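Asks: These are the residues of each chain, in order.
There are 2 protein chains.
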Amino acid sequence: MKRRDFIKKAGVGALAAGAAMGAVPAMADKPVMWKMVTTWPPHFPILGEGADYIAKLVEEMSGGKFKISVYGAGELVPAMGVFDAVSQGTVEMGHGAAYYWSGKAPAAQFFAAVPFGFNAQSQNSWVTSGGGLELWEEIYKPFNLKPYLGGNTGVQMGGWFNKEIKSVDDLKGLKMRIPGLGGQVLAKAGGNAILVAAGEIYTNLERGVIDATEWVGPFHDLTIGLHKVAKFYYYPGWHEPGTTLEAMVNINAYEKLSPEFKAILDTAIARANSLMLAQFEARNNDDLNELVTKHKVQLKKFPDDVLKQLKVYANEVLEEMAAKDPMSKKVYESFKSFRSKIYEWNKTSEEPYQQFKYI
Amino acid sequence: MKRRDFIKKAGVGALAAGAAMGAVPAMADKPVMWKMVTTWPPHFPILGEGADYIAKLVEEMSGGKFKISVYGAGELVPAMGVFDAVSQGTVEMGHGAAYYWSGKAPAAQFFAAVPFGFNAQSQNSWVTSGGGLELWEEIYKPFNLKPYLGGNTGVQMGGWFNKEIKSVDDLKGLKMRIPGLGGQVLAKAGGNAILVAAGEIYTNLERGVIDATEWVGPFHDLTIGLHKVAKFYYYPGWHEPGTTLEAMVNINAYEKLSPEFKAILDTAIARANSLMLAQFEARNNDDLNELVTKHKVQLKKFPDDVLKQLKVYANEVLEEMAAKDPMSKKVYESFKSFRSKIYEWNKTSEEPYQQFKYI
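Protein chains in written order, with our numbering: chain Y, 3 to 361; chain W, 3 to 361.
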């Protein structure tokens with residue numbers, strides 16, 4: 003090929019013109035390289051895999067020009083160091099759940115799990131289309147963070163117990179692994195909410211260090227074998243009816259991205275958010291089936307009286323949180339307003355849908 | 003700048019190597035220009051807007067190098083011509099709902115709306131993570147089409163009636179606008195399922211050409227003012243408990259896309275799929291509230307006996323469809339298997355969640 007032909011065909015003229023105007027042509031750019039730290043063990047099923055999936059989509063959509071290296075908990079920073087690492091710009095991005103940061107921003111808990119709060123569908127609707135995201139961004143802005151819906155577990159299970167829960171009195175003195183606002187509700191019922199890291203739940207329950215535990219749902223619970231060390235599997239997961247996972251991005255890092263890469267990142271996270279819920283639903287139904295039919299797990303529903311009293315305590319916990327923290331109060335008002343409306347809509351839609359199976 | 007520096011900085015060496023190997027550098031490419039035809043009026047709220055949103059995301063993520071022009075029904079091809087236009091490659095892409103193509107591919111209806119079928123959450127789970135997508139692709143492949151989940155209305159309403167439905171007998175002779183499988187179920191109950199285009203529903207109901215109609219849900223129903231021409235607003239939408247919208251892409255056009263643009267298109271559609279459901283949920287709850295409090299609409303639930311008989315008929319319709327069409331049989335088996343498992347899982351998750359509001 004003659005040099006002149008090459009210049010014409012490869013568009014070097016346009017490229018040179020671009021360079022002269024100060025625009026750096028994309029082909030000459032080094033890839034944007036980001037780090038994402040997570041609160042999950044590396045490649046942890048669905049949760050860690052979801053973080054990996056975000057990185058994969060970003061790399062594919064950008065043709066390898068925007069790459070994100072994903073780190074499991076402890077690989078770069080400890081799980082509970084994710085927030086600070088992203089806030090301070092040590093890394094550009096994180097993946098976890100907002101209730102881990104309740105010590106820094108109590109109101110963030112509304113964007114993870116609220117006892118008797120939203121299921122996944124209502125949470126997605128409130129956050130993206132009901133004013134929730136704007137509030138979440140307001141909470142995180144002082145920390146130089148931009149939050150995203152980053153997955154959802156769906157309705158969780160109520161947990162594993164070795165004694166029957168027939169009344170609220172049965173919760174008194176109970177040593178249960180249950181984090182966050184759910185733990186505060188248990189405390190009001192006279193129980194002891196104990197923090198136990200994921201890797202120690204099985205052993206602690208086996209040895210009687212704890213009497214009971216919640217974890218996630220059939221898929222994850224089966225994986226760590228909780229059915230081997232507890233008799234009863236209770237539902238529903240009143241304490242976490244639609245736990246939202248989160249992605250968080252350092253605002254300075256985000257602002258340095260081109261408009262294309264901003265859109266690519268936002269859209270990759272949104273796709274992961276919905277896929278993770280779909281995966282949870284598909285795997286939970288398979289594994290609930292296995293737990294019941296193969297492992298003969300005894301499913302039990304919390305009695306209505308127990309749920310009723312826990313709901314009273316849950317409202318107290320939220321009211322007290324709102325009384326102490328103005329931002330929590332603001333978010334709680336939005337949450338309550340959306341809840342009262344979506345409850346009415348659910349009465350004519352999702353609630354009767356759930357009865358189809360008995361008709 | 004010296005010429006040598008320019009070559010080094012702009013990466014022309016790499017570019018030349020690429021060109022020599024036959025790769026056309028991105029900067030020299032003309033934008034990929036696609037057309038998307040839809041079954042919706044232009045920019046129709048949520049549905050047409052969802053199609054617009056896919057195009058917007060694709061353009062943003064590709065930095066303007068992949069553009070999709072969106073056409074409303076009738077602008078380029080009529081609503082019911084979308085399938086053929088995309089199949090034949092007249093345009094690259096379409097947006098609509100799979101039940102519109104039941105004459106060409108009956109089994110496609112499982113990917114739109116099935117009476118007493120899945121809600122949005124279960125449909126998303128079945129399609130993306132439960133084997134549904136592979137079947138849908140198998141149905142569309144002979145038509146040279148690649149299907150996508152392209153939005154969801156959530157649980158629809160049962161429709162607008164001018165007389166009370168107290169028993170199945172009240173459906174006999176009823177002239178109702180209700181399309182698809184739901185219409186076949188109504189016919190089994192002795193009703194007349196009548197096809198009426200969206201723009202004519204209001205007038206036909208006002209003039210008594212039809213006695214009743216379903217449309218979508220509070221948001222769309224309020225928009226066309228159905229509360230002005232009907233007394234009772236029935237729920238639940240047994241005939242369409244989670245209507246899935248679809249995007250479809252011509253396979254030849256898709257295969258010509260770069261890997262980046264394939265990933266960008268797939269991901270844009272996935273984001274639109276979940277956002278549209280979130281928008282429906284947020285707007286429906288506001289507008290149900292307006293219909294009831296401002297317009298004094300009388301909400302009524304179909305009696306259990308009516309729903310029970312309609313479910314019997316619905317199963318007959320599905321069984322007959324499966325008996326006539328091997329592909330429908332194959333999809334129905336997968337649908338039934340997933341349904342039986344997700345029903346069990348729902349009993350311990352979404353179903354008790356729906357009771358929280360009464361506790």
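Just so you know, these hints were derived from the structure itself, not from any lab.
Please note that a few of the clues may not be correct.
The list makes no distinction among identical chains, and a pair is therefore deemed to hold if it is satisfied within one copy or across any two copies.
Unchecked claim - No farther apart than 25 Å at their CA atoms in a straight line, the calculated lysine-lysine pairs in the PhoX-like style are these:
| # | residue 1 | residue 2 |
| --- | --- | --- |
| 1 | K258 | K303 |
| 2 | K349 | K303 |
| 3 | K174 | K313 |
| 4 | K58 | K349 |
| 5 | K349 | K165 |
| 6 | K332 | K174 |
| 7 | K298 | K349 |
| 8 | K233 | K349 |
Keep in mind the model is a prediction, meaning the values are calculated, not measured.
Asks: For the identical chains here, do K332 and K174 meet the 25 Å Cα criterion within one copy, between copies, both, or neither?
Replies: Close neither inside one copy (33 Å) nor across copies (53 Å); limit 25 Å.
Asks: Taking 25 Å as the upper bound on the Cα-Cα distance, should K349 and K303 be classified as within, between, both, or neither?
Replies: both (22 Å within a copy, 10 Å between copies)
Asks: Pop the pair K174 and K313 into one bin, within, between, both or neither, using alpha-carbon distances up to 25 Å.
Replies: within (16 Å within a copy, 46 Å between copies)
Asks: Can you give me the call for K298 and K349, within, between, both or neither, at a CA distance of at most 25 Å?
Replies: between (34 Å within a copy, 17 Å between copies)
Asks: Is it within, between, both, or neither for K258 and K303, if the alpha carbons may be no more than 25 Å apart?
Replies: Intra 51 Å, inter 54 Å, cutoff 25 Å: neither.
Asks: Please work out whether the CA atoms of K349 and K165 approach to 25 Å or closer within one copy, between two copies, in both situations, or in neither?
Replies: Intra 34 Å, inter 22 Å, cutoff 25 Å: inter-copy only.
Asks: Check K58 against K349 for me: Cα-Cα at most 25 Å, and say if that holds within a copy, between copies, both or neither.
Replies: Classified as neither; 40 Å inside a copy, 35 Å across copies.
Asks: With 25 Å as the alpha-carbon cut-off, assign the pair K233 and K349 to within, between, both or neither.
Replies: between (34 Å within a copy, 20 Å between copies)
Taken one by one, the earlier hints fail for this structure at numbers 1, 4, 6, listed in ascending order.
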